[in-house]
Amino acid sequence: MPDLDLLCLFVALTPVWPVLGAVLIALLMLPPARPSERLVALVGRVTLVASLLGALAGVALRFISGPVDYRLGDWYHAADESFPLVFLFDGLSASVSLLTAILLLTTANFSRHYLHREPGFIRFVLLMLVFGAGMHLLVLAGSVELLFIGWEFVGITSVLLVAFFHERAGPVQAAIRVLVTYRLCDIGLLLCGVFLHQWLHTTVWVDSFRGAATEGPSISATAVALGLVFAAMGKSAQFPVGGWLPRAMEGPTASSAVFYGSLSVHAGVYLLLRAAPLIEHSLAARVALVVVGAVTAVMAALSSQVSADAKSAVAYATASQVGLMFVACGLGFYTLATVHLIAHATLRYYQFLRTPSALQDALARRAALGRTEQDEAAALWEGVGLRRRRFIYRLALERFAVETALDRWITRPIMGLSRWLDGLEHRFLALHDRPVPARPSDPP
Amino acid sequence: MKHTIVAVILPLLWLLPLLAAAVVQGLLRDHRQQRALAIATSSVVFGLAVVLLVVNGSGHAFARDDVEAGPVFLSLHYHMAVDGLNAVLLPMTAAFALASLLCAPRSDLRGDTTARILVVEAALLGSFLSMDAALLSLFWIASMLPLWQDTRRSGSRPLHVLMTMSLVATVVALLGAIALLANHGISLGLRAPLDLIAISRADVPPPALAGWLFLFAGLLRMGILPLHLWLTAAAARAPGYSAILALFTPLGSFALARVVIPLFPHVCEQFSSPLVILGTATALYGALLAVGQHDLRRVLGYFWVSQMGLVLAALAALNAPSVAGALMQAMSSVVEVGGLMLIALEVEARAGTTDMRLLGGLVRHAPRMATGFFLLSAAAVGFPGTISFVAEDLAIQGLLRQHPVAAGVLLIVTAINGIVLFKAGKRVFLGPPSPHTTALRSFEDLHGWEYLASVAMMGTLLVGGFVPEPLLAVRSGVVDALKRIELPTTGEP
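So the sequences go chain by chain: Z and L. Heads up: the first sequence begins at 173 in the numbering used here, then just goes up one per residue. Heads up: the second sequence begins at 103 in the numbering used here, then just goes up one per residue.
Honestly, I wouldn't trust all of these hints.
[To be verified] Cross-link-like lysine to aspartate or glutamate pairs, in silico, EDC-like; alpha carbons within 20 Å at most: (1) L/525 to Z/209; (2) L/525 to L/397; (3) L/525 to L/457; (4) L/525 to L/450; (5) L/525 to Z/262; (6) L/525 to Z/594.
Hints listed in this document are in silico derivations from the structure and should not be mistaken for laboratory results.
Please model the complete structure; the sequences and the hints are all you need to start from.
Now the structure itself:
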């Protein structure tokens, strides 16, 4: 059916438009004269509108023909191996792709005014377009490899936008923390690909779902599922690797909203939903999901209540809700998790955009109702004893010492080993060193 | 016609830079004239190398007969060829020499530096073209001499000792291998006993010890653990622009693919797994050491060691995708690490140091340099859309067939390397300026040729990454030829 093929191709091009926009802006930046804000914003909006049309076509395709496993061909092939361009268009990918397109277009319009005359305006639009391309690719990908490309694009743009105000030490340090967490947890996704390849000889979602159903539970299935869970934990800021999320609030509000309120932070949940037929075969992975999600939900909710700034409070609250989505995925409530994802992403997006005027909103609410959300939360704790309340407060304030433990047990030993090996090499080189004899004319 | 073009261009490629070096050293006194002649020569050589790539850059020399063979003199046989294995390396080496000459501050090009760059360029091009073991060894050793001479004057005794040891070890290993091969060839009655094609076609395989010696020299050149010390020391302390070309070449991996794998398949078969383990250990070791460094040049030195470990592991796996990935990675590493090193040298030339504790916030003064550093870093760690992504994908796919643990470790190494480079970029370019220095106010951005060289490198990596098929097609002949090694015939120890 040639028309359906054309529609599939149009949907598959959804991630391409933002990339073209980003390339065009990069080329405009090559000459010494910078392009105008108006031109850059126009390029951004046009390409994001094209992307939105692609996402709408994806929804139409879902209603016309149901799920489609679309194989466009090979990106490259060499020596018996190839990189297939495979897309999976179904209800999940269509709905999340549409959400992505709408939120990105909204962000483009919002940031036109919010970041007007900001020195990094062009950089922001360029990174947002790259992020958009990555997010669409992640959502529409029909294989682990293609999803990984989108995953990486989302990760690197996230890091660069956290360091948007790079002249200060705080944002740069925060970006490093985000990068370290992302890179380490990406290993989970890469290992998942490796295990899938070894186990089922394919990384295409549809083929691997079929293969996993035939093979049933096994050690390989558990390894694949745990790799996926680890990758999702990093991207969705779950215990114990979620310390980066409040730090990521150093970026501009518009990027906080679209990355950590709505899209990027939910990418982990999307991965779990996408790969649900693989995770279902592993009881260990499902238990891990429930435990990690529940622990995060409780810890992040408490941390949110003791946060002194609005963006951190919303960030912790986001992690808490995402934790509940993990629990839902672990228990097999995939439809609930999908609805929760879309509703939560939309709500948090709005909340993040409102945070610059949080104080004004709180005052307005207090004037109208006589109380605020914080007052209500404080009232809930009245029933708990003072000592216990103080203990929990202290724990929440210390963020449950998770980062201190990670630093002590992981970062420091690695850095210690690195310095010890470096010291060994230095000592070896010093064996060949000899002091230069001082000349009589040299000063003492 | 094609044959004539190749026959004319081949000797020009290595002779022109040598003649230019002689003129620069002996006849010209004016530094501007020296620089102009060197740049003109390198440009011509680059153009000729591109012509060779277009005309004859595919297939494998061992599978063809239209190679350029000359007379035999005292067993030394002038025999050079261009094929898929060296066709891309030729313009790349010439381009890198050109970039070094264009980007080096004019004050740094005084003295013998210009001539040294040209000599190293000629020696490397000669090595890549040689189809005779003695000729290859001669050029190989010649490519190390300028750097060795530089280290004598660098003031760092450990560096000079390491370079001397490395040079002596290379000379001994290559001379030993040549002696064994010559003895073998003469006993078989070969007209050119050191000719690589003649040896490969002989009924009796060459002695395994010669293969071991070539392998040792190759590993030393690649900076594989524990033979890496000269590479990291030179990357950190050697005088910059003249050393960069001598350091950042895939000559070691090229020698393995040109000599060791085709001529000594039994050696490769026997020690495939240990070499994969050695490569993986080197990759992990380099990444671990790079994490704790405070000097940008040292970071890049250890990162380079780590990358070479990955190349060795993939090459030693001896299957078609891993070899294709290794050859591609060896080539793209040159552009990436070489480009990063050029930026480090530009930082050193402007700020007087590459100690990251004394730097910071340079993006305010040098946004182009910072952008170039971060883009090259992303390319170096195999970010999707760059050549390294394709190379690493193929290498890992190949390794997965028989060495899944090594593949898993290399994935972790790639993640650590990403952290290493971004952290280094952050310490140099982002954040507030270091409180320990006030000399960065007049720091200048990339300009002129520096900027163009940086854009050209990024363009090469991105275009090659998005459209990798032509690059893979160039190497396909070589990979097909090496595929025969996957199941080598046994019978000879």
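Inset, instruction - Could you work out which earlier hints the structure fails to respect and list their numbers in ascending sequence? - result: 1 and 5
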